[in-house]
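Q: The primary structure of each chain is shown beneath.
2 protein chains.
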Amino acid sequence: MTLARPDKTDTTRQRLVIAVDAMGGDSGPATVVAGCAIFVKRNPNIDLILHGPQAELDALIAKRKPLRDRCTVRAADSVVTMEDKPSHVVRHGKGTSMYSTVETVRAREADVAVSCGNTGALMALSMIRLRKLPGVNRPAIAVLWPSRNPQGFNVMLDVGADIRADADDLLRYALMGASYARNGMDLPRPRVGLLNVGTEEHKGRAELHDAFDLIKANEAQAEFDFVGFVEGSDIPGDVADVIVTDGFTGNVAIKTGEGTAGLIGDLLKEAFKYTPLSRLASLLAFTSLQRLKRRIDPRRVNGGVFLGLNGTVVKSHGSADATGVSAAISLAAQLAQNGFNDKLAARVAAVLPTEDKTTEDTGHTQA
Amino acid sequence: MTLARPDKTDTTRQRLVIAVDAMGGDSGPATVVAGCAIFVKRNPNIDLILHGPQAELDALIAKRKPLRDRCTVRAADSVVTMEDKPSHVVRHGKGTSMYSTVETVRAREADVAVSCGNTGALMALSMIRLRKLPGVNRPAIAVLWPSRNPQGFNVMLDVGADIRADADDLLRYALMGASYARNGMDLPRPRVGLLNVGTEEHKGRAELHDAFDLIKANEAQAEFDFVGFVEGSDIPGDVADVIVTDGFTGNVAIKTGEGTAGLIGDLLKEAFKYTPLSRLASLLAFTSLQRLKRRIDPRRVNGGVFLGLNGTVVKSHGSADATGVSAAISLAAQLAQNGFNDKLAARVAAVLPTEDKTTEDTGHTQA
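Protein sequence lines, in the order shown, are assigned to chains A and B.
Heads up: the first sequence is residues 0 to 366, going by numbering that gives the first Met the number 0.
Heads up: the second sequence is residues 0 to 366, going by numbering that gives the first Met the number 0.
Watch out, some of these pointers could steer you wrong.
Copies of the same chain are indistinguishable here, so a pair counts whether it falls within one copy or spans any two.
[Stated by the list, open to error] Below, computed lysine-lysine pairings styled on BS3-like, alpha-carbon distance capped at 27 Å:
1) K64 to K93
2) K215 to K131
3) K268 to K62
4) K268 to K292
5) K84 to K202
6) K272 to K202
7) K215 to K84
8) K272 to K292
9) K64 to K342
10) K202 to K131
11) K40 to K268
12) K84 to K131
13) K202 to K93
14) K40 to K62
15) K62 to K202
16) K64 to K268
17) K64 to K40
18) K215 to K62
Bear in mind the hints are in silico, worked out from the structure with no lab data behind them.
For reference, chain A alone in the conformation it holds in the complex:
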């Protein structure tokens, strides 16, 4: 992994900088600072700007030696809560740590932003302050999902930035998801699938057929392999690396998968407690089960990435612990190091020249 500076960032800075919102997570700023400490130990060439109440953060940083020289605090006294409505935060959020975090990316003081806070508010603030990339109508949230593929995870988007997507949005999601798989997962030529209720070409909603044709027509230029329609069972499968869908369907799908995995995990724990023999078995299998747990541990891939904005924002899970926060910052660092956002912007721009934007909504420009 090189540390070459991406082209369009502030070239007066010699080092990559990540903006971290210290507030808004379920377990408070101490956990976020602990995650930062894990990260800086492993990444000596990257600096952090922490956003939140000055005195509280100063005290937390003072306790962790590796952070002292690598981490500056940007004072922001108020906090966006999980209950705040996005529209309220857009109007009144200026003094919050979340606003301050996004603002450092807008001002190019930082290369990428990380927050554990309220997803809706973070997306709303990011859209208002960073603005959408030219050619992108609907930004998307992409997540990594445990899969049977060699890389161990698939990219899925949108999982909830918007509740609808037309054919043209779905083409953009394909481009953005493929770009993310290239830069975040080191897959040079990702396979892209379009989520539907069956793999036959005649199945599903009309906009999906339009999207199928659009994505197919752009496959060669965009340098991914389009595998066509995929089903829900392919999200954890091995036929595609990137699963494209609208934010309503994607959100329901990942929450159903998470809920089902959680139920199985709890039932497994119960099963191991059931008899003395099974309790002994759980001791003997401990290492193997820990390996399985790591394999599907959501903390390892913690971070939904907002795609389609002038700047990259990583949303860490609200309930993330220090390991999860560190994973989200590491993901942000990898994307920044690869100059991800400029590459993504170039991909979107290459497929649809801005002057064609007026005919774009018919979904036939590229067909």
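The hints should help you fit chain B onto chain A, whose structure is shown.
A: For chain B alone, kept in the frame of chain A given last:
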């Protein structure tokens, strides 16, 4: 469980009769006949009509003593394959075992139909031959999903009969799903949830807000408890017994859940094979793990039920083994014994008088 005859069936028959399509499953008629044999041993008061090639089925039945007096064969020489398009089967399917199976329910020779065949074709034939219930615009497929609830499973519908549903359809799904939970799972007052991307009332698509109001307005009369919006994580959860959604979202959700559960199962098997100690552990934990497997075994609850037609059709999984086929027939038997379809029809009729049908599509008749 009583064996009282439902009101509207053929009262000249003294016993319940189940029509079984012997063909179209992945593992052939021998597996279906084996499933029938398991069923009749446990249910001495119910007879079967098997549909398929006479000589082949006669030979299979002759080998199984319990079936000889309880099972008649209805000759049908052709078979609907998994690849046949539903529209083709509707036009040319008359000589198939699937058509013949549905036809005995239409003619009231049987109380309920069971098939392992092509879902799309079975739904298309069922709609054409049985017709929709008055007041139902879109029939639905309901499945049982492993959950944290005391009954061990939740009802979810629609999982793929149609790719769209408006507010009025979603109200019908709530009524039909609640009726299914009452008669198939013995829950006198089911809790109904409407699937959305968040539980807050302002979230999600416009038709979901209309559906929310419609379902709420009908809650008291329909004798269920409406818990409002639920999320994907609640499908295997314990806040609702019945999850209502459109067939596109429902289909993606169950396939994502199935795929994720399958991935975890395979990784668990790998983990137990990894070291000699973990192999020993899997032996010690065998009974507990079998108990867990039974708890989430899809064969135990095998059977998607088609709701909203003049007659009940149970779709068994194409890959079902004898245990799975027997479970699907048992579910069909329980629904028939409870006079389920007449009760469901009465529920739908009570909420929306037929003369209001013209204004129904605005979604405001009941609000």
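Q: For every hint, state whether the structure bears it out.
A: These are the hints, each one checked on the structure:
no.: 1; hint: K64 to K93; in the structure: neither (31 Å within a copy, 79 Å between copies)
no.: 2; hint: K215 to K131; in the structure: within (25 Å within a copy, 38 Å between copies)
no.: 3; hint: K268 to K62; in the structure: neither (37 Å within a copy, 44 Å between copies)
no.: 4; hint: K268 to K292; in the structure: both (12 Å within a copy, 13 Å between copies)
no.: 5; hint: K84 to K202; in the structure: between (37 Å within a copy, 11 Å between copies)
no.: 6; hint: K272 to K202; in the structure: neither (46 Å within a copy, 40 Å between copies)
no.: 7; hint: K215 to K84; in the structure: between (38 Å within a copy, 24 Å between copies)
no.: 8; hint: K272 to K292; in the structure: both (18 Å within a copy, 15 Å between copies)
no.: 9; hint: K64 to K342; in the structure: neither (36 Å within a copy, 71 Å between copies)
no.: 10; hint: K202 to K131; in the structure: between (32 Å within a copy, 22 Å between copies)
no.: 11; hint: K40 to K268; in the structure: neither (34 Å within a copy, 36 Å between copies)
no.: 12; hint: K84 to K131; in the structure: within (21 Å within a copy, 43 Å between copies)
no.: 13; hint: K202 to K93; in the structure: between (47 Å within a copy, 24 Å between copies)
no.: 14; hint: K40 to K62; in the structure: within (15 Å within a copy, 72 Å between copies)
no.: 15; hint: K62 to K202; in the structure: neither (59 Å within a copy, 42 Å between copies)
no.: 16; hint: K64 to K268; in the structure: neither (38 Å within a copy, 43 Å between copies)
no.: 17; hint: K64 to K40; in the structure: within (10 Å within a copy, 73 Å between copies)
no.: 18; hint: K215 to K62; in the structure: neither (54 Å within a copy, 54 Å between copies)
Of the numbered hints listed earlier, those contradicted by the structure are 1, 3, 6, 9, 11, 15, 16 and 18.
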